[in-house]
Amino acid sequence: MTTKFFDRLSNDLTQFLEDPIDYNVSIKVGEAPNDQIFKVHSYILQSRSPYFKKKFNEIHFNNDHVKVLTTSDTNVSIKIFNVIIKYLYGGIISLEKLENSVIFDLLIASNEFELDELVKHLQIYIVNNNASWLRLNFAQVYQTSYQVKNLEIIQDFCNNIIAKHPNTIFESENFLTLPDDALISIIKRDDLQLEEVKVWEYVIQWGKAKNRTLPTNLDEWTYDNFLTLKEALKQCLPNIRYFNLSHEDVLDKIFPYQNILEPKLFLDINSKLMAPTRQISSTVLPPRKILTKTLPTRNILIPLFSNIITNEHALEISSWIDKKEKAIPYIENNPYEFELLIRGSRDGFDVKTFYNICHKVSNTVIVLKVEGTEEILGGYNPIGWDKNRNQWRKTQDSFAFSLKTSNMKNSILSRGKNNAIHNFPRDLSFGFGFALSLYENLKIKKKSFCMIDSDYKKPVRSDEFLSFSWSNPSHNALFSVEEYEVYKISPKII
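Sequential numbering of the sequence shown, starting at 1, is according to UniProt numbering.
Do not take every clue at face value.
[What the hints assert, rightly or not] Computed Cβ-Cβ distance ranges for the label pairs, DEER-style:
#1 Pro335 - Ser47: 55 to 65 Å
#2 Asn75 - Asp252: 47 to 57 Å
#3 Gly384 - Glu58: 42 to 52 Å
#4 Met274 - Ile184: 29 to 39 Å
#5 Leu478 - Ser172: 22 to 32 Å
#6 Phe305 - Met274: 28 to 38 Å
#7 Ser172 - Ile78: 32 to 42 Å
#8 Ser406 - Pro335: 52 to 62 Å
#9 Ser490 - Val68: 44 to 54 Å
#10 Ile78 - Asn137: 22 to 32 Å
#11 Ser362 - Val127: 17 to 27 Å
[Said to hold, decoys possible] DSBU-like cross-link-like pairs, simulated, lysine-lysine; straight-line CA separation at most 30 Å:
#12 Lys492 - Lys447
#13 Lys446 - Lys492
#14 Lys188 - Lys272
#15 Lys198 - Lys164
#16 Lys488 - Lys387
To be clear, the hints were calculated from the coordinates, so they are not data collected in a lab.
C-beta atoms are modelled at their ideal positions from N, C-alpha and C, and glycine is treated no differently.
Sequences and hints are given; from them, build the entire structure.
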C-alpha cells in the first residue's frame, strides 16, 4: 500500500517561495517603478515548466551566482505571475476570487509557460463556470483560441455555439479576417445550422476578402483570378456539400465559379443533378444535420435554471416586455431565451462586477431576493449599461417590478419613462430610477432601497418599506440581497 502525503509536501515547498533560502534565479515582472522581483529556485521551476527549463539553459549566472530573467516578452502581470508561481511551488490554485477576465489572462499566461495541466484545468473551469462571460466576449475569445495553441476545449465550446447560431460569426465584423483553420473547423461540422448554399456564399466572400486585388465585377475576371481564389480556398472547398445543393443553387451560385473547382467534380455535380442514381467518383459528403426546433407541448414548461424565479415568473416578465399585461399574457411557450449572465452566489455581489459583465449588453432583466422578506424585486433595461459613464439613461420601454410570491398575492409592474435607467458606475450604483436603487456590494452592504419616483408609475414595495428621500433613505427602507441574477433576453430561434 502506498501512502501519499501531498498536502505536507505542498506546504513545505511553498515555504521556499515565502522564504527563498538559497535562491538562484531572480525574475523581474512588470515595468519600473511598479515592477516586482521574485526570488525562486531553478530546479523547481524547470522541473515544472518546459518554458523555464529552456530559459534557464539560455542564461548564465551573474557574479552573485544568480540567473536574472524578465518576463517582458510574455506581458504577464504581477497578479497573474503570483498565481502561477504559487502553482509551480505548491500545486495549488484558487480561482473563486478572480474576475473572469483575469482567469482568461491566466489561461493565456499558463499556456505561454507551457503548463499543460493548468491550461486544461483552466479551460474546463471557464467553460463550466464562466460560459456567460465567454459568450459576452465571444469575438475576442474565439480569435484568441486560434491565435494561441492548445486551447482546444475553448475552441470546441465556441464552435458548438457557432454551429447552433452561425450568424454569431458569419455576420460578425470579424468574419472576413477569420483564420483559415478556424473557418475550416466550422464548415467541416455536420451539425452546422446553415443552408449549404449559404456556406458556399460565405466561403466565396471570405476567399475574396483575402485577395483584395480581385475585380469586383465577376465578368472582368481572368483565368488567373480564378486560380488565385482557388488557391485561397483549397482547404475549404473539399468541405462543401455540393451534392445537397438544388438545381437553382448550382446554376446561380456554383456555375459562375466553376473554374475554382476540379473539372471532374463540376462534371459530377451536374451529372448527379441530371441522373441522381448514376455512380460518380467524387466524394459525396453527408447532408448537414439541420435541427428542427419544436415548441414544448401544452402545459409543459422548459425548466428555467434560476435560484429566484420560476417559469411562471419568466412568462410574466416576457409578457411585460411585449406589453401584453392588458391583453392576453403568455401562459406557455415563452418566446424568449433567458440567458444567465450573473448569479451573485457564483460571480459575486459587487456592483463593479455587474458593470464589467453587463457593459454594452442590452435587453437585460435583473431579479433579486430581498434579505429577510422573501420579496422578489427586479427590472428590465432594453438599452444596456455603460461602465464608463455616470448618467441617467432615457427610455420609455424599461420597467421595474416585484413578483408574486407565497407572501404576495399579485405581482406589481411599474413602467418607466424619461430618466428611467440609473447608470452610475463610479458611484457603485445602478437601478431603475429610484423605484429600485442598488448600491455597492448588494449582499454585504445594506444600502439599496426603493422609493416613489416620478419616472415610474407606481412603487414596487409596500409603503412601510419605501423611502421618501434618495439622499437620506429611511432605515426601514434599506435592504441587502440574499441572491440576485441578471439575464440577457433574446428571442428564441424556432
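Going through the hints against the structure:
1. For proline 335 and serine 47, the Cβ-Cβ distance of about 57 Å falls inside the hinted range of 55 to 65 Å, so the restraint holds.
2. Checking the proposed 47 to 57 Å range against asparagine 75 and aspartate 252 shows it holds: the Cβ atoms sit about 49 Å from each other.
3. At roughly 49 Å, the beta-carbon separation of glycine 384 and glutamate 58 lies within the given 42 to 52 Å, and the hint holds.
4. Between methionine 274 and isoleucine 184 the C-beta distance comes to about 31 Å, which sits within the given range of 29 to 39 Å.
5. Between leucine 478 and serine 172 the Cβ separation comes to about 44 Å, which falls outside the hinted range of 22 to 32 Å.
6. Distance hint check: the CB atoms of phenylalanine 305 and methionine 274 are about 52 Å apart, inconsistent with the given range 28 to 38 Å.
7. Range check, serine 172 to isoleucine 78: Cβ separation about 34 Å, and the 32 to 42 Å hint holds.
8. Checking the proposed 52 to 62 Å range against serine 406 and proline 335 shows it is violated: the Cβ atoms sit about 27 Å from each other.
9. Judged by the Cβ atoms, the range 44 to 54 Å given for serine 490 and valine 68 holds: they are separated by roughly 53 Å.
10. Between isoleucine 78 and asparagine 137 the Cβ separation comes to about 23 Å, which falls inside the hinted range of 22 to 32 Å.
11. Between serine 362 and valine 127 the beta carbon distance is about 25 Å. The supplied range of 17 to 27 Å therefore holds.
12. Among the hinted pairs, lysine 492 with lysine 447 is inconsistent with the structure: their alpha-carbon atoms are about 36 Å apart, more than 30 Å.
13. Of the supplied pair hints, the one linking lysine 446 and lysine 492 is violated, its CA atoms being roughly 37 Å apart against a limit of 30 Å.
14. Simply put, lysine 188 and lysine 272 have alpha-carbon atoms about 22 Å apart, close enough for the 30 Å limit, and the pair holds.
15. With a C-alpha separation of about 15 Å, the suggested pairing of lysine 198 with lysine 164 holds against the 30 Å cut-off.
16. Simply put, lysine 488 and lysine 387 have alpha-carbon atoms about 17 Å apart, close enough for the 30 Å limit, and the pair holds.
In this structure, the earlier hints numbered 5, 6, 8, 12, 13 are contradicted, and the remaining ones agree with it.
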